[in-house]
Amino acid sequence: MIVTRIPPSPTGHLHIGTARTALFNYLLAKQNGGKMLFRSEDTDKARSTKEFEQEIIDGLHWLGLTWDNEGEIVRQSERVSIYKEYLLKLIDDGNAYISKEESKTVLGTMVEVIRLKNPNKKITFNDLVRGDITFDTTELGDVVIARNIDDALYHFTVVVDDYLMGVTHVMRGEDHISNTPRQILIQEALGIERPIYAHLPLILASDRSKMSKRHGAVALKEYREMGYTKEAIINFLALLGWNPGTDRELFTLPELIENFSVDHIHKNGAVFDIKKFNWFNREYLKKYSDDEFIKYLALEEVELPYCFNPNSEEFSRVLPLIKERVHTRKEAIDEIKAGEYDFAFITPTDYETDLLKWKNDDSVKTALPRLKQALTLLENADFSSMENIKSALWLYAEEVGKGELLWPLRVALSGKERSPDPFTIAFVIGRVETLKRIKNACDKIGE
RNA sequence: GGCCCCAUCGUCUAACGGCUAGGACAGCAGGUUUUCAUCCUGCAAAUCGGAGUUCGAUUCUCCGUGGGGUCACCA
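In the numbering used here, the protein residues as written are 1 to 447.
The hints are simulated quantities; they were obtained by calculation from the structure and are not laboratory data. Honestly, I wouldn't trust all of these hints.
[As the list claims (entries may be wrong)] Below, computed lysine-lysine pairings styled on DSBU-like, alpha-carbon distance capped at 35 Å: (1) K444 <-> K390; (2) K230 <-> K267; (3) K121 <-> K100; (4) K117 <-> K89; (5) K35 <-> K104; (6) K295 <-> K276; (7) K365 <-> K402; (8) K267 <-> K295; (9) K35 <-> K323; (10) K365 <-> K213; (11) K104 <-> K117; (12) K45 <-> K100; (13) K276 <-> K323; (14) K287 <-> K275; (15) K122 <-> K221; (16) K323 <-> K402; (17) K365 <-> K330; (18) K402 <-> K439; (19) K122 <-> K35; (20) K210 <-> K122; (21) K213 <-> K35; (22) K89 <-> K122; (23) K323 <-> K444; (24) K121 <-> K210; (25) K267 <-> K286; (26) K330 <-> K287; (27) K35 <-> K100; (28) K89 <-> K210; (29) K402 <-> K444.
Computed from a prediction, not measured in an experiment: that's the story for all the values here.
Start from the sequences and build out the full structure, keeping to the hints where you can.
Shown next as structure tokens:
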């Protein structure tokens, strides 16, 4: 049975790259009826925190990624006696030794670190995505595997834990390739079996270097806060370094389990393209019902323009407009705050009269009779749907010229240079308000 | 710099020796009901270079170039 693992180090926020590594390990395990295990690599006591650990677990769970050892968190900080046992064994066997030397961290003090006796040999391992990789371990020297007998270091704990937890497949970022030979050295010294390795291509920033804080957002949390949905994140991440072998791009998590395959993992690093990410997010937003979208927007957490009323009739009618226009929640909130949708709630009055002038007209006065005609047509029109409002005006619009009527009408209703079309706005605000705004516009021109 | 990995449109990628190198995102142009958005249609856009192997190379080999990763008593 395939056993994979996701061993984050709780020394920072859940990195987007860690999320992808978790996803791929999850996919590999689930596809083969295997297991994925979680382990908290908190051997760095100075930098590890329980808060980060919790955030990482929550983030992974939010994405829908679960593991098969849920409930009992395996923490390396709680396994010192286990490591000690194996460290002792190594020393007893003569494969490691205690070395008295000057501390590298606290200068001037002497410490007793434990070093692995390096056999100075060539190591070749097979990588599932890259094939055979060979290193000469001579250049590694005698690797330090523990600060002291009670304080084992990463390379050692990883090897011991993967062995003890029955991990069969180690799938991780490409940045670990050069760590692999020293870990194999430790395995060989311990006399334990070598797992199967697979190194994933890195997620790159737009300058093609490893994605890091200086490039902007790297924490899953940040993308979550901007309103990227878990479906979009999973889908986008899956396609960064992997492809289904077909033109298909939209996949849910269960569909990924079905279609995933290690031999379609790419070797090259993949640039994290926010534009494509936005596209994915919109694709999933489109699938939301109005209720789901309202929940998603969570407007109760936001300070809205004073006129903006999310409990109103008008709001339920602008909602589809918002959904149609934005890629993320952040975009939606920004637009709402900028007053893009205020036309639904408040009568526009402070716009320039000249804005009502259609580009082909010489004077704004020309628009007056058209607006008046629209007024009479709308007085008895059926406002129950956008289509009906449109048909009430359409014949006249074609007769007098579409832009000639529709432009001043739209401005009268929105007060803006850019907005949804006049039929949509009329439907959103209703008959009374529509007539009122057109009259206002007529008055403006009349003055 | 040593070691290791990698190399197809701007970006994500398809084509596992053989159609005009395909798709998607982004871009641009046009259209659908006036503006913004949506939607539709179209356009532009790539095999890093050089040698080989082969009837034939994006694909295989070598060299070069370029990019990246890693060189901790971090993980």
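Checked hints:
no.	hint	result
1	K444 <-> K390	24 Å, holds
2	K230 <-> K267	25 Å, holds
3	K121 <-> K100	25 Å, holds
4	K117 <-> K89	13 Å, holds
5	K35 <-> K104	40 Å, violated
6	K295 <-> K276	24 Å, holds
7	K365 <-> K402	17 Å, holds
8	K267 <-> K295	39 Å, violated
9	K35 <-> K323	39 Å, violated
10	K365 <-> K213	57 Å, violated
11	K104 <-> K117	20 Å, holds
12	K45 <-> K100	23 Å, holds
13	K276 <-> K323	18 Å, holds
14	K287 <-> K275	19 Å, holds
15	K122 <-> K221	42 Å, violated
16	K323 <-> K402	27 Å, holds
17	K365 <-> K330	41 Å, violated
18	K402 <-> K439	20 Å, holds
19	K122 <-> K35	32 Å, holds
20	K210 <-> K122	28 Å, holds
21	K213 <-> K35	32 Å, holds
22	K89 <-> K122	24 Å, holds
23	K323 <-> K444	33 Å, holds
24	K121 <-> K210	30 Å, holds
25	K267 <-> K286	33 Å, holds
26	K330 <-> K287	18 Å, holds
27	K35 <-> K100	42 Å, violated
28	K89 <-> K210	38 Å, violated
29	K402 <-> K444	22 Å, holds
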